[in-house]
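Student: Just add 12 to the spot in the sequence shown (first one is 1) and you have the working numbering.
No wet-lab data here; the hints were simulated from the structure.
Every value quoted in this text rests on a predicted model; they were computed, and no experiment measured them.
C-beta: ideal position from N, C-alpha, C; glycine also.
Each statement offered as a hint is correct.
Straight line, CA to CA, 30 Å or less: simulated DSSO-like cross-link-like pairs of lysine-lysine:
1. K88 <-> K60
2. K124 <-> K60
3. K124 <-> K146
4. K103 <-> K124
Pairwise CB distance ranges, derived in the manner of DEER restraints:
5. E27 <-> S101: 27 to 33 Å
6. D122 <-> L199: 27 to 33 Å
7. D100 <-> L218: 17 to 23 Å
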Amino acid sequence: MATTVFGEVAAQYDEVRPEYPAEMAAEIREYAGGVPAVITEIGAGTGKATALFAQVGAPMVCVEPDARMAQVLRAKFPAAQVVIADADSWKPPPGGVPVLAGALVWHLLDEKRRCARVHDVLAENGVVALIGRKHVADDRAQQAAFDTAYSADGRAYPHRRPTWIADDLEASGLFTGITTTRHDTMLPLSAEEYLRFVSTWSSFRLRTPQQQAALLEALRAAIARTGGSVLMRLETTLNLARRA
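Produce the entire structure from the sequences given, and follow the hints as far as they go.
Tutor: Set out below in structure tokens:
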């Protein structure tokens, strides 16, 4: 799991990462049948999604592997219990947790073990709430230029299906009542704002410094050729399921 790739840019991550649609909190609360006793968030980062999950109304336990990210998280949410651990090594309380939540974390977990791990840490009839998000330029020609830039070093842009998380949960056979709702929002960015945003993505952080520099140069040139700025479409999904 790419657990600590964001820590060296923790402040930038917290600054440039957009918020999550507020209406998702009500969706989680309704699915869970009311306010749960506690919500446990894995891969909590600097608390970008913690702000949303906290609106459900339950106490928060935030599991985050990087101490640098956790420092920002603690400052923003002093009432939350912050545990420095990754999703695999963290030990749940006896009996499991009623709600396990996470945002933009599913792709970082071991795809062969993640469903079983979540099933194991949930209490009986426990709920998992996973947020996914696809970032694409609203202009198709511009996104095509970005795709070319991303794939130049052999790491293609991950164009996942909107339902890929729900499909993964379904295929495991470990969950029931699987639902997906999608919320699209628009985010206008200057060229430099887009590059600072991209610099916080795991797909960027996992590249070598040389690959990062080459990608930023290619993206800057692509933006210059396609209007000079970027209108991002954030395709955000909330995937809910219950432990079978």
